[in-house]
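Participant: Sequence:
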Amino acid sequence: MASKSRVLYTGITSNLRARVFEHKIGAFEGFTKRYRVKRLVYYESWKYVDSAIKREKQVKRWTRAQRVALVESMNPTWEDLASDWFSAERLANPYSVYLKYDPTAAQSFTTPVGSRLPLPEPRLEEPPRRAVRSGSSRVVTRLRKR
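Be aware that the sequence shown starts at 10, since it is given in the working numbering, and climbs by one per residue.
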């Protein structure tokens with residue numbers, strides 16, 4: 010994500026469309042709202058959340074110049090890749106329950122929208138060694154102590 014002045018933000022999510030919407034309406038206080046980070050300029054899709062977290066940490070360790078080069082390698086004009094995901098009416102009234110149903114809102118974005126941004130070549134990755142049941146903090150805690 011980036012602002013018009015190219016302030017960069019790196020993060021992960023399991024629902025790209027919902028997270029981009031939150032950024033666009035400034036749903037939460039903090040860095041992205043303060044610096045008006047509302048434009049999706051680059052994204053990657055990962056099969057395993059562990060791999061996504063590892064990649065996020067890697068990119069966050071990079072210099073600004075490296076992150077800019079990454080964005081420009083796939084999106085040289087810094088176009089907002091989510092510019093047509095939401096209607097102006099939806100963005101102006103994000104909490105209105107009276108807006109008409111938008112059939113594209115239910116569309117899945119596990120692949121690039123309209124193939125405007127090709128994803129990096131798929132990588133063969135090993136599945137996680139230990140399965141962690143969702144909602145089981147006891148299992149997660151035990152894994153962290155080892």
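Some hints could be false.
No farther apart than 27 Å at their CA atoms in a straight line, the calculated lysine-lysine pairs in the DSSO-like style are these [what the hints assert, rightly or not]:
1) 42 x 13
2) 69 x 56
3) 13 x 56
4) 47 x 13
5) 47 x 69
6) 66 x 56
7) 42 x 63
Pair ranges (Cβ atoms, derived) [unchecked claim]:
8) 103 x 21: 33 to 43 Å
9) 72 x 100: 25 to 35 Å
10) 104 x 70: 35 to 45 Å
For the record, the hints were derived by calculation from the structure and aren't laboratory data.
Beta carbons: idealized from backbone N, C-alpha and C, even for Gly.
Participant: Does each hint hold? Answer for all of them.
Facilitator: For each hint, the structure was consulted:
1. 42 x 13: holds (13 Å)
2. 69 x 56: holds (20 Å)
3. 13 x 56: violated (30 Å)
4. 47 x 13: holds (8 Å)
5. 47 x 69: holds (18 Å)
6. 66 x 56: holds (17 Å)
7. 42 x 63: Given that 27 Å is the threshold and the Cα spacing comes to 25 Å, the pair holds.
8. 103 x 21: 33 to 43 Å: violated (22 Å)
9. 72 x 100: 25 to 35 Å: Since residue 72 and residue 100 have Cβ atoms about 33 Å apart, the given range 25 to 35 Å holds.
10. 104 x 70: 35 to 45 Å: holds (37 Å)
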